[in-house]
Amino acid sequence: MTRPTLTRRGVIKTGAYAGAGLALPTIFTSRARAFTNAPTGSTVKFGFNVPQTGPYADEGLDELRAQELAIEHLNGMGDGGMLNTFSSKALDGTGILGKQVDYVTGDTQTKSDAARASAKAMIEKDGVVMINGGSSSGVAVAVQGLCQEAGIIFMAGLTHSNDTTGKDRKKNGFRHFFNAYMSGAALAPVLEKAYGTDRRAYHLTADYTWGYTQQESIQASTEAIGWETVNNVLTPVGAGDFSSYIAPVLNSGADVLVLNHYGGDMINSITQAVQFGLRDKQVNGKNFEIVVPLYSELMAEGAGDNIKGVYGSMNWNWQLSDPGTKAFVKSFGEKYGRPPSNSAHTCYVQTLLYADAVARAGSFDPCAVAEALEGFEFDGMGNGPVLYRAEDHQCFKDVLVMKGKDNPSTKYDILEIVEVTPVDHVTYPPDHPMFGGAEATLGQCNNGA
Amino acid sequence: MDAIILQILNGLDKGSAYALIALGLTLIFGTLGVVNFAHGALFMIGAFCAVTMQRLLSLSYEEIDPTRTDFLGNPLKVEVPYVEHWFGPEIGGAIIDWSVPFAILLAIPVMVGLGFAMERGLIKHFYKRPHADQILVTFGLAIVLQEIIKYFFGANPIQTGAPPAFSGSFDFGTLLGFDPNVIIYPYWRMVYFLFSLAIVGGVFAFLQFTTFGMVVRAGMADRETVGLLGIDIDRRFTLMFGLAAAVAGLAGVMYTPILAPNYHMGMDFLVLSFVVVVVGGMGSLPGAVLAGFMLGILQSFASMNEVKSLIPGIDQVIIYLVAIVILLTRPRGLMGRKGVMED
Chain A
4 MTRPTLTRRG VIKTGAYAGA GLALPTIFTS RARAFTNAPT GSTVKFGFNV PQTGPYADEG
64 LDELRAQELA IEHLNGMGDG GMLNTFSSKA LDGTGILGKQ VDYVTGDTQT KSDAARASAK
124 AMIEKDGVVM INGGSSSGVA VAVQGLCQEA GIIFMAGLTH SNDTTGKDRK KNGFRHFFNA
184 YMSGAALAPV LEKAYGTDRR AYHLTADYTW GYTQQESIQA STEAIGWETV NNVLTPVGAG
244 DFSSYIAPVL NSGADVLVLN HYGGDMINSI TQAVQFGLRD KQVNGKNFEI VVPLYSELMA
304 EGAGDNIKGV YGSMNWNWQL SDPGTKAFVK SFGEKYGRPP SNSAHTCYVQ TLLYADAVAR
364 AGSFDPCAVA EALEGFEFDG MGNGPVLYRA EDHQCFKDVL VMKGKDNPST KYDILEIVEV
424 TPVDHVTYPP DHPMFGGAEA TLGQCNNGA
Chain B
17 MDAIILQILN GLDKGSAYAL IALGLTLIFG TLGVVNFAHG ALFMIGAFCA VTMQRLLSLS
77 YEEIDPTRTD FLGNPLKVEV PYVEHWFGPE IGGAIIDWSV PFAILLAIPV MVGLGFAMER
137 GLIKHFYKRP HADQILVTFG LAIVLQEIIK YFFGANPIQT GAPPAFSGSF DFGTLLGFDP
197 NVIIYPYWRM VYFLFSLAIV GGVFAFLQFT TFGMVVRAGM ADRETVGLLG IDIDRRFTLM
257 FGLAAAVAGL AGVMYTPILA PNYHMGMDFL VLSFVVVVVG GMGSLPGAVL AGFMLGILQS
317 FASMNEVKSL IPGIDQVIIY LVAIVILLTR PRGLMGRKGV MED
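So the sequences go chain by chain: A and B. Residues in the first sequence are numbered from 4 upward in steps of one, following the numbering used here. Residues in the second sequence are numbered from 17 upward in steps of one, following the numbering used here.
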C-alpha cells in the first residue's frame with residue numbers, strides 16, 4: 004500500500020482546482036441574476052405597499068382594490084378596463100412578456116420605518132420586481148430611496164409632496180400623481196374668483212414633507228393673487244383632536260383657514276373647525292372660508308356635510324367623461340359596488356404603466372423599464388394626454404379643482420368638478436426652486452446587479 | 017385674555033375624559049388594589065357601544081328608485097332604515113340622529129357585565145400576585161379586546177355625530193363682554209363636560225351617602241376588619257369593578273362625537289390617564305378628578321402657538337414633565353394617601 008505523498012505544489016494545485024470548482028455555481032448564478040429579482044418562472048410578482056392601518060388606511064385599502072383589478076386585467080380576466088382605452092397597445096391581456104402577474108401586499112401603517120420594513124421583506128423574501136402604492140409622501144420618499152438602493156422600480160402611489168420628484172427624485176422612482184405645486188397653480192385662480200384678492204389665510208399643516216411643500220406651494224400661489232398669510236401652525240400626524248390648534252384661529256384676524264391635512268386627519272380637523280363655528284363666522288366683513296388644497300372622495304365621504312362649498316384640488320375624479328375614466332369606473336364599480344377614488348385610479352394606472360413599459364422594453368430589467376417610461380407620452384387613462392417627464396419622472400396632465408356639493412344625491416356624489424385646469428397652467432421647469440433647484444438630479448439607475 | 021379663556025374651555029373636554037378614566041382606575045386600585053391596564057380598552061369599548069347603537073338604529077333595507085340612477089347608470093338603490101320605515105322619515109331620522117345619547121342605555125349593561133366578567137373570570141386570580149403580574153395580564157387583556165374590536169369594526173375611525181341640536185357652537189365671549197365670535201365653544205363639548213361632572217358627582221354621592229358606599233369605603237380603609245364583621249366585601253368590590261367599567265364606558269360613549277372612535281383610542285388615553293392618577297395620587301378619587309381637569313387644561317395651554325414658539329414640542333411632553341416634577345417632589349401625588357407609592 005502506497006501512502007499519498009503531500010507536496011507543496013500538489014496542495015496548491017488541488018486547492019486551486021477545488022476553489023475553481025466551488026466558485027463555478029456562483030459564476031452561473033451571478034450571470035443569471037443580471038438584476039434584482041429577475042423573474043425566472045412562469046409568474047412575476049408585484050409588491051403593493053399601502054397603509055392598511057393608520058390615518059390614511061381608507062386610501063390604502065382602495066388602492067389595493069384597484070391594484071387587484073389591474074392584475075386581473077393584465078392577466079386577461081374581467082373586462083380589461085383601461086387596457087381597452089390606453090393609447091399604447093403593447094399589452095394584450097396575457098400577462099407580461101408571457102408571464103402571469105402575481106402580487107403580495109404589505110402594510111405601511113403610514114409610517115416610514117414600517118413601510119421600509121415591509122418593502123424590504125417584499126423585495127428580499129417575496130422577490131418582487133417593483134413596488135407600487137403608498138399614501139404618504141414621507142413613506143414614498145423613504146421607500147423610493149430603498150428601492151433605488153435595492154435596484155427595483157418604485158411606482159409611487161398617492162404622494163403629493165413636491166420633494167418626491169423634487170429634491171428627493173430618484174432614477175428608479177416614478178410618480179403618476181400630481182403634486183403640491185400643481186394644486187397651488189390650479190387652485191389660486193378659482194379661489195381668486197370665489198373669494199377675491201383681499202384675504203387673510205391661516206394654515207394648519209401636517210408636520211412632515213408633504214405638509215411643508217403643500218403649505219409652501221399654496222402660500223406662494225395665494226400670495227401671488229394678493230392674499231396675506233397670517234400664520235402657519237404645524238400639527239402632528241394622527242393628532243386626533245385638533246381643537247387646540249383650531250381654537251386660536253378664531254381671534255387671529257384670519258378669514259380663511261387652509262387645512263394642509265389629509266385622510267383621517269383632515270376629516271377630524273374640518274369636522275372640528277365646523278364644530279367651532281368657523282363656517283358661520285364673519286371676519287373683516289367677509290364670510291369665513293375653509294380650503295382643503297388636496298381633496299379625495301374618501302375624505303369627503305368621511306367629512307360628510309362639513310365639506311359643502313369647500314374648494315380643493317384632485318388628480319382625477321370618477322365623474323370625468325373621457326372613455327378611459329368611463330371604462331375604469333365601470334370595471335371598478337361592477338367589482339366593488341362603489342366608484343374608485345383618485346388614489347385607486349393612480350395605483351391602477353401605475354400598475355398598467357409599469358407593465359406596459361416592461362412590454363415595450365422587452366425586459367424586466369429596471370434600467371430598461373426606466374428608459375421606456377422616461378419621456379413616455381400616453382392617453383386614454385383619464386386626464387387626457389399625459390407626459391412622463393424624463394428629467395424628474397413626474398407626470399404632467401390636467402388638474403381638477405373640486406368643490407363640496409351643496410345637495411348631494413348619493414353618498415358618492417359629494418364633490419363636483421368646478422374647473423379642469425389645463426396642463427400648461429400647472430407645468431414648471433425641472434429645476435424650479437421648490438423642487439430642489441438646479442442641484443436636484445435623478446442620479447444613476449440601479450438594477451441591483 | 018380671550019385666548020386664555022378659550023384654552024381653559026378647550027382643555028375641559030379632554031380633562032373630562034382624563035378625569036373619568038382616572039376615576040375608574042382609582043376606584044379599582046382603591047378597592048381591589050389592582051392596577052388595571054385594560055381600563056383604556058373599557059373606554060374604547062364604551063365608544064364602540066355608540067357605534068353599535070348607531071348601526072343598530074340605521075339598519076336598513078334596499079329600495080329601488082327608478083327615477084334616479086347610480087354612478088354606473090343603473091337604477092339607484094336607496095337604503096331605507098327600518099326606523100324611518102316604521103316611524104316615518106322625520107321621527108325615524110331624529111332617532112338615528114340621537115344614537116349617541118341612546119347608546120348610554122346599551123353601554124350600561126354591556127360595561128357592567130363586562131366588568132363583572134373581567135373581575136370574576138380573570139382578575140380575581142391575580143389579587144395575591146405582584147403588581148407586575150397584574151399589569152401584564154390586564155395589558156394583555158387590553159390588546160385582546162383591541163384586536164377583537166379591530167376584527168369586527170375595522171382599523172379606521174368611524175364617524176358618530178352629535179344630535180343636530182348639539183352640533184353647533186355657543187358664543188361664550190358675548191356672555192363675558194367680549195366681541196361676538198371671539199370665544200366660541202361647541203355645544204357637545206359643553207355637554208361632555210357637564211356629563212362628566214354629573215358622573216363624578218354621582219359616584220361621590222354614591223360612596224358618601226349610601227350604606228353600600230360606606231361599607232366600600234370602610235373596606236378600602238381596612239379590608240380585613242370589614243370582612244371580620246361578617247360583610248361579604250368581595251362581592252361589593254366586584255360591584256365596584258362593574259361600576260368603574262361603566263364609568264369608563266360612559267366616558268367613551270359620550271366622547272365619540274368629539275373624536276371618531278378607533279380601535280386604539282383606549283391605549284392613547286390609558287397612558288395619559290395613568291399619569292393623571294399618579295399626579296392626583298394613587299387611590300385618591302378627588303385627586304384623580306382634579307388632576308384630570310388640571311392636566312387637560314395644561315395640555316391645551318401648551319399647544320398655544322405662543323407657548324410652542326418658545327418651547328417647541330412642549331404640547332407633546334408637558335404632561336410627562338409635570339408627572340416627573342410631582343414624583344420627584346411628592347411621590348404620593350397631589351392628594352394621595354401616605355404610604356401609597358412611598359417608602
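Honestly, the hints are just simulated from the structure, not real lab data. Each residue gets a CB set at the ideal place from its N, CA and C atoms; glycine is no exception. Warning: the hint list may mix true and false statements.
Claimed, not checked - Below, in silico cross-link-like pairs of lysine-lysine (DSBU-like), each with a Cα-Cα straight-line distance of 35 Å or less:
(1) B/Lys-93 - A/Lys-414
(2) B/Lys-324 - A/Lys-406
(3) B/Lys-144 - A/Lys-311
(4) A/Lys-414 - B/Lys-166
(5) A/Lys-289 - A/Lys-414
(6) A/Lys-284 - B/Lys-166
(7) A/Lys-311 - A/Lys-406
(8) A/Lys-102 - A/Lys-338
(9) A/Lys-311 - B/Lys-140
(10) A/Lys-414 - A/Lys-329
Unchecked claim - Over 12 Å on every C-beta distance to chain B, these chain A residues come out as not near it, computed from the model:
(11) Thr-88
(12) Asp-110
(13) Glu-127
(14) Val-236
(15) Ala-306
(16) Gly-307
(17) Asp-308
(18) Gly-312
(19) Pro-343
(20) Leu-355
(21) Val-429
For each hint, the structure was consulted:
no., hint, verdict
1, B/Lys-93 - A/Lys-414, "holds (12 Å)"
2, B/Lys-324 - A/Lys-406, "holds (34 Å)"
3, B/Lys-144 - A/Lys-311, "violated (58 Å)"
4, A/Lys-414 - B/Lys-166, "holds (24 Å)"
5, A/Lys-289 - A/Lys-414, "holds (31 Å)"
6, A/Lys-284 - B/Lys-166, "violated (38 Å)"
7, A/Lys-311 - A/Lys-406, "holds (7 Å)"
8, A/Lys-102 - A/Lys-338, "holds (24 Å)"
9, A/Lys-311 - B/Lys-140, "violated (53 Å)"
10, A/Lys-414 - A/Lys-329, "holds (19 Å)"
11, Thr-88, "holds (17 Å)"
12, Asp-110, "violated (9 Å)"
13, Glu-127, "holds (26 Å)"
14, Val-236, "violated (6 Å)"
15, Ala-306, "violated (8 Å)"
16, Gly-307, "violated (7 Å)"
17, Asp-308, "violated (9 Å)"
18, Gly-312, "holds (17 Å)"
19, Pro-343, "violated (10 Å)"
20, Leu-355, "holds (21 Å)"
21, Val-429, "holds (27 Å)"
Checked against the numbered hints listed earlier, the structure breaks hints 3, 6, 9, 12, 14, 15, 16, 17, 19; every other hint is satisfied.
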